[in-house]
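*Asks:* Each number in this note's numbering corresponds to the 1-based position in the sequence shown with 3 added.
Rather than coming from a laboratory, the hints here were simulated on the basis of the structure.
Misleading hints may appear alongside valid ones.
Stated by the list, open to error - In silico DSSO-like links for lysine-lysine, alpha-carbon gap of 27 Å or less: (1) 127 to 71; (2) 39 to 171; (3) 38 to 127; (4) 63 to 48.
For clarity, every value in this text was computed on a predicted model and none was experimentally measured.
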Amino acid sequence: MKTLYIVRHAKSAWDQIALDDHERPITEKGKKRTKKVIEYLVEKKVTVDLIISSDAVRAKDTAMIIAKGLSYPIRNIQLSSSVYNSDLQTLMNYFYDLSKDVESLMMVGHNPTFTSFANFFLDKKIDWLPTSGIVCIEFETEQWENVLNAEKRTKFVVSPKIIKARKKGNKN
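Taking the hints into account, I'd like the entire structure generated from these sequences.
*Replies:* In C-alpha coordinates, the structure reads:
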(Lines of atoms letter the chains of each structure in order from A and count residues from 1; the text may use other names and numbers.)
(Lines give C-alpha, C1' and ligand atoms only; values in the text may rest on other atoms or scores of the structure.)
Protein backbone atom coordinates (compact mmCIF):
# COMPACT_ATOMS: atom_id res chain seq x y z
CA MET A 1 0.00 0.00 0.00
CA LYS A 2 1.34 3.43 -1.00
CA THR A 3 -0.12 6.78 0.08
CA LEU A 4 0.28 10.08 -1.74
CA TYR A 5 -0.47 13.48 -0.22
CA ILE A 6 -0.77 16.27 -2.79
CA VAL A 7 -0.42 19.64 -1.03
CA ARG A 8 -0.78 23.14 -2.39
CA HIS A 9 1.34 25.75 -0.64
CA ALA A 10 -0.15 28.15 1.92
CA LYS A 11 -1.62 31.53 0.99
CA SER A 12 1.19 33.74 -0.24
CA ALA A 13 1.85 37.46 -0.14
CA TRP A 14 0.94 39.28 -3.33
CA ASP A 15 1.48 42.73 -1.81
CA GLN A 16 5.25 42.59 -2.26
CA ILE A 17 5.29 43.29 -5.99
CA ALA A 18 9.05 43.85 -6.09
CA LEU A 19 9.65 40.21 -5.19
CA ASP A 20 10.16 37.60 -7.85
CA ASP A 21 7.32 35.02 -7.87
CA HIS A 22 9.75 32.34 -6.69
CA GLU A 23 10.56 34.42 -3.58
CA ARG A 24 7.00 35.22 -2.46
CA PRO A 25 6.53 34.27 1.22
CA ILE A 26 3.41 32.91 2.87
CA THR A 27 1.19 35.22 4.86
CA GLU A 28 0.30 34.97 8.54
CA LYS A 29 -3.20 33.97 7.43
CA GLY A 30 -1.63 31.23 5.33
CA LYS A 31 0.35 29.96 8.33
CA LYS A 32 -2.78 29.89 10.51
CA ARG A 33 -4.79 28.05 7.85
CA THR A 34 -2.01 25.52 7.36
CA LYS A 35 -1.96 24.85 11.11
CA LYS A 36 -5.69 24.05 10.93
CA VAL A 37 -4.97 21.50 8.22
CA ILE A 38 -2.13 20.06 10.34
CA GLU A 39 -4.59 19.57 13.21
CA TYR A 40 -6.75 17.56 10.81
CA LEU A 41 -3.75 15.48 9.69
CA VAL A 42 -2.73 14.78 13.28
CA GLU A 43 -6.31 13.79 14.09
CA LYS A 44 -6.17 11.33 11.15
CA LYS A 45 -2.81 10.02 12.47
CA VAL A 46 -1.03 10.94 9.23
CA THR A 47 2.66 10.18 8.99
CA VAL A 48 4.90 10.66 5.99
CA ASP A 49 8.10 8.91 4.98
CA LEU A 50 9.19 11.54 2.47
CA ILE A 51 8.32 15.16 1.69
CA ILE A 52 9.27 16.57 -1.70
CA SER A 53 8.63 20.28 -2.15
CA SER A 54 9.04 22.96 -4.74
CA ASP A 55 11.99 25.14 -3.81
CA ALA A 56 9.88 28.32 -4.08
CA VAL A 57 9.78 30.09 -0.72
CA ARG A 58 6.01 29.69 -0.20
CA ALA A 59 6.08 25.93 -0.89
CA LYS A 60 9.26 25.32 1.10
CA ASP A 61 7.87 27.22 4.11
CA THR A 62 4.58 25.32 3.87
CA ALA A 63 6.46 22.02 3.76
CA MET A 64 8.48 23.04 6.82
CA ILE A 65 5.37 24.00 8.81
CA ILE A 66 3.67 20.70 7.95
CA ALA A 67 6.84 18.73 8.66
CA LYS A 68 7.14 20.29 12.09
CA GLY A 69 3.45 19.61 12.79
CA LEU A 70 3.84 15.94 11.81
CA SER A 71 7.22 15.49 13.59
CA TYR A 72 8.95 14.91 10.26
CA PRO A 73 12.62 15.98 10.25
CA ILE A 74 12.83 19.30 8.39
CA ARG A 75 16.35 18.44 7.21
CA ASN A 76 14.86 15.47 5.29
CA ILE A 77 12.58 17.62 3.10
CA GLN A 78 13.76 17.29 -0.49
CA LEU A 79 13.56 20.62 -2.31
CA SER A 80 13.25 20.52 -6.07
CA SER A 81 13.33 23.32 -8.61
CA SER A 82 11.56 21.03 -11.09
CA VAL A 83 8.41 20.95 -8.90
CA TYR A 84 8.16 24.78 -9.15
CA ASN A 85 7.24 24.97 -12.83
CA SER A 86 6.42 21.34 -13.36
CA ASP A 87 3.94 19.63 -15.57
CA LEU A 88 2.02 16.46 -14.83
CA GLN A 89 4.63 14.15 -16.36
CA THR A 90 7.45 15.73 -14.33
CA LEU A 91 5.54 15.10 -11.10
CA MET A 92 4.79 11.52 -12.06
CA ASN A 93 8.43 10.88 -12.88
CA TYR A 94 9.21 11.21 -9.17
CA PHE A 95 7.46 7.87 -8.59
CA TYR A 96 10.13 6.01 -10.57
CA ASP A 97 12.97 7.09 -8.30
CA LEU A 98 11.31 6.33 -4.97
CA SER A 99 12.44 3.49 -2.78
CA LYS A 100 9.80 0.86 -2.07
CA ASP A 101 10.53 1.58 1.62
CA VAL A 102 8.74 4.92 1.19
CA GLU A 103 5.16 4.04 2.08
CA SER A 104 3.80 7.59 2.19
CA LEU A 105 4.88 10.54 0.06
CA MET A 106 3.88 14.17 0.46
CA MET A 107 4.45 16.55 -2.45
CA VAL A 108 4.11 20.31 -1.94
CA GLY A 109 3.72 22.61 -4.90
CA HIS A 110 1.66 24.96 -7.01
CA ASN A 111 -1.44 25.37 -9.11
CA PRO A 112 -2.55 24.85 -11.77
CA THR A 113 -0.35 21.75 -11.99
CA PHE A 114 -1.23 20.38 -8.54
CA THR A 115 -4.96 20.53 -9.29
CA SER A 116 -4.30 18.57 -12.49
CA PHE A 117 -2.06 16.16 -10.57
CA ALA A 118 -4.80 15.52 -8.00
CA ASN A 119 -7.51 15.20 -10.64
CA PHE A 120 -5.47 12.59 -12.49
CA PHE A 121 -6.10 10.27 -9.53
CA LEU A 122 -9.48 11.49 -8.27
CA ASP A 123 -12.74 9.90 -9.40
CA LYS A 124 -14.64 12.99 -8.24
CA LYS A 125 -12.67 15.85 -9.82
CA ILE A 126 -12.05 19.16 -8.06
CA ASP A 127 -12.22 22.58 -9.71
CA TRP A 128 -9.21 24.02 -7.90
CA LEU A 129 -6.91 22.84 -5.11
CA PRO A 130 -7.04 25.77 -2.69
CA THR A 131 -4.07 27.08 -0.74
CA SER A 132 -3.19 24.69 2.12
CA GLY A 133 -5.44 22.11 0.46
CA ILE A 134 -4.48 18.44 0.60
CA VAL A 135 -5.62 15.47 -1.46
CA CYS A 136 -4.78 12.01 -0.11
CA ILE A 137 -4.82 8.98 -2.40
CA GLU A 138 -4.07 5.40 -1.39
CA PHE A 139 -2.77 2.88 -3.94
CA GLU A 140 -2.97 -0.93 -3.80
CA THR A 141 0.65 -1.59 -4.74
CA GLU A 142 4.04 -2.12 -3.14
CA GLN A 143 5.95 -0.27 -5.86
CA TRP A 144 5.69 3.45 -6.62
CA GLU A 145 6.29 2.87 -10.30
CA ASN A 146 3.02 0.88 -10.37
CA VAL A 147 0.74 3.57 -8.90
CA LEU A 148 -0.49 4.73 -12.29
CA ASN A 149 -2.07 1.32 -12.91
CA ALA A 150 -2.90 0.33 -9.34
CA GLU A 151 -6.32 0.23 -7.71
CA LYS A 152 -6.73 3.48 -5.82
CA ARG A 153 -9.04 5.19 -3.42
CA THR A 154 -9.40 8.74 -2.21
CA LYS A 155 -8.85 8.87 1.54
CA PHE A 156 -9.67 12.58 1.82
CA VAL A 157 -9.71 15.99 0.21
CA VAL A 158 -9.33 18.72 2.80
CA SER A 159 -8.73 22.46 2.94
CA PRO A 160 -9.04 25.14 5.61
CA LYS A 161 -12.47 26.07 4.21
CA ILE A 162 -13.71 22.46 4.39
CA ILE A 163 -12.45 22.14 7.97
CA LYS A 164 -14.18 25.39 8.95
CA ALA A 165 -17.46 24.24 7.36
CA ARG A 166 -17.27 20.88 9.16
CA LYS A 167 -16.69 22.57 12.51
CA LYS A 168 -19.66 24.87 11.92
CA GLY A 169 -21.77 21.84 11.02
CA ASN A 170 -20.78 20.10 14.26
CA LYS A 171 -21.85 23.09 16.36
CA ASN A 172 -25.40 23.14 15.03
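*Asks:* Indicate, hint by hint, whether the structure satisfies it.
*Replies:* Hints versus structure:
{"no.": "1", "hint": "127 to 71", "in the structure": "31 Å, violated"}
{"no.": "2", "hint": "39 to 171", "in the structure": "14 Å, holds"}
{"no.": "3", "hint": "38 to 127", "in the structure": "26 Å, holds"}
{"no.": "4", "hint": "63 to 48", "in the structure": "23 Å, holds"}
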